[in-house]
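Enquirer: Residues per chain are reported as follows:
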Amino acid sequence: MSLELDIDHTPDRSKMTVSQTDIAIEIRSMNKWYGDFHVLRDIDLKVMRGERIVIAGPSGSGKSTLIRCINRLEEHQDGDIIVDGIELTSDLKRIDEVRREVGMVFQHFNLFPHLTILQNLTLAPIWVRGVPKAEAEETAMKYLERVKIPEQANKFPGQLSGGQQQRVAIARSLCMNPKIMLFDEPTSALDPEMIKEVLEVMVQLAEDGMTMLCVTHEMGFARQVANRVIFMDQGQIIEQNEPEAFFSNPQHERTKLFLSQILH
Amino acid sequence: MSDLTFVRSDMQPALPPPVRTTGAIAWTRKNLFPSVSNGVWTIVAILFLLWLVPRLYGFLIGDAIFTDPEGLRGEACRFEGVGACWAYVAARFNFFIYGFFPLGEVWRVNIMFILGIIFLAPLLIPKAPLQKTAALMFFVVYPIVSYWLMAGGEFLGIPGTALRTVPTNQWGGLTLTLIISMIGIIVSMPLGILLALGRQSKLPIIKWFCVAFIELWRAVPLITVLFMASVMFPLFMPQGVNPDTLLRAIVGICLFQAAYMAEVVRGGLQAMPRGQYEAASALGLSKPKTMGLIILPQALKHVIPGIVNNFIALFKDTSLVSIIGVFELLNTVRAAARDLDWSSPTQAVTGYIFAGFVFWIFCFGMSRYSIYMENRLHTGHKR
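First to last, the protein sequences are chains F and S. Using our numbering, the letters of the first sequence map in sequence onto residues 1 to 264. Using our numbering, the letters of the second sequence map in sequence onto residues 1 to 383.
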């Protein structure tokens, strides 16, 4: 790992505007247990609209679980999570509302292997938002062009490389026109060459002003794109800071140890 | 650079020609005699075929009686060393196909067959035109029309459409085998899917009902189910209420097969990775839509071999209804074997060979079709 972002153009931070007043996600003293195991402890986090947050930490520190609570793939037991003004409770209608506004990209892509790329992209807009098929396909092609693989539209996921599949997965989320994007280790299952093509798409998204929460080990991405880096250990947020300060001057012992191990 | 050189002074002896790697001899050596033990087995197999094939040929074709031009009936096949008595099968063919259905009304059964083929073909051929219409016709209109054609009476109570009434105990032969298995397949499949989904439900009442239903039906043999349906069931019914024997048997078969189908489908559901559920949820798809659009299409594709296995078993199990006095194909063949007019040494055997062959044709067809579907639906790794 390094602090250099290995992509062809330098991310333009001036385009990435952060709202000062508009809150996208608010988490207040949230706790979660798996049985007796206390996975998340007293999480407090406020994400403004347009923020790009990178969540780092050793494995098992609860970073994936945290972002999976935001679209209720995991249920929290205590505290409040408010996404885009909607409080997450066990009310299914609210969960569906939140999920419509929050896109998610997974480590293992999770494309639908029995559908073509185009069908993967149009399925949710058609069946969840009720968009007419022709319009959904038009939108899908627009996003496929944006992730630079429009020629793959009629292939099946199994015929694409890992990097291409992950770009399709990002495009699939974007087709729902989400206000917030969650990335759960989007490059961890990819070869180095493919990591680059996926990161390029993510940088482009950031430049378009998307609110992003990324669990990632790509420290180059964290330094050049994120406006805040959060460090987690044992279910707690130990430290958070702007990337420059986070990398040059980590406060906590655990953070220093982690950075010394991950950066060469 | 050295100035050492080598110049050959005499001819090398010629090498033997290389072992052939193509052609009939090479093929024989490679596939039939690659080693001593394999060679021995090849010879044993050839000897077995030399013994078997002439006998089979003699019985089925060489010594067989195909026609009965002089109208001798059983006499024609009653001699020493006679082969199969195909003339008997030809003479009783209508009985094997239609059972006791009145001969003058057989055209109704034929129309039902033809309509069935017309409506079913577009559903079996991928990308055939008018599939939605065909599905509507086959699953909704066709059963109603078929019932009218088979049972007679007025079509939906419309005056002037009355056909001669044929009670179900006159239905029979291959017709009845196909009717029972078709209904069995069409009913048990969706029922099985519902049971499999119910078994995974988080609602305890639904879950335990499905578990109890599946385990109960899987724990009893089909013969018991059929006996219960035909003998015990009427005892529990109030006087005067006595549903048709055939109907009771069909309901029994459907429920029995649904329990098996449910377990096959459950196998497919359990093989689905959690990521597929999560991706669907993250996109905002509701539970039923996730099931219908993402999970079931993949899960069912994975278990096509198991599903078709059940269909084939069901098709063959229809012959068990003969024990409660229903004349499906095998029972008509057995009944005809006692026909004194055609009495001959090979009468019964020929009938059973015919029945076996008919069963084999349908089962083999289903098996081939399932392989074709598996290949067509395979999208995972094909490049």
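For the record, the hints were derived by calculation from the structure and aren't laboratory data. A few of these clues could be false.
[Said to hold, decoys possible] Facing chain S, from chain F, some residues (calculated, C-beta under 10 Å): (1) D96; (2) F106; (3) F109; (4) H114; (5) R129; (6) K133; (7) E137; (8) R228; (9) Q240.
Quantities reported herein were computed from a predicted structural model and do not represent experimental measurements. Even glycine gets a Cβ: it sits at the ideal position worked out from N, Cα and C.
Enquirer: Each of the hints needs a verdict: does it hold here or not?
Expert: Here is how each hint holds up against the structure:
| no. | hint | verdict |
| --- | --- | --- |
| 1 | D96 | 6 Å, holds |
| 2 | F106 | 6 Å, holds |
| 3 | F109 | 8 Å, holds |
| 4 | H114 | 5 Å, holds |
| 5 | R129 | 8 Å, holds |
| 6 | K133 | 14 Å, violated |
| 7 | E137 | 16 Å, violated |
| 8 | R228 | 23 Å, violated |
| 9 | Q240 | 25 Å, violated |
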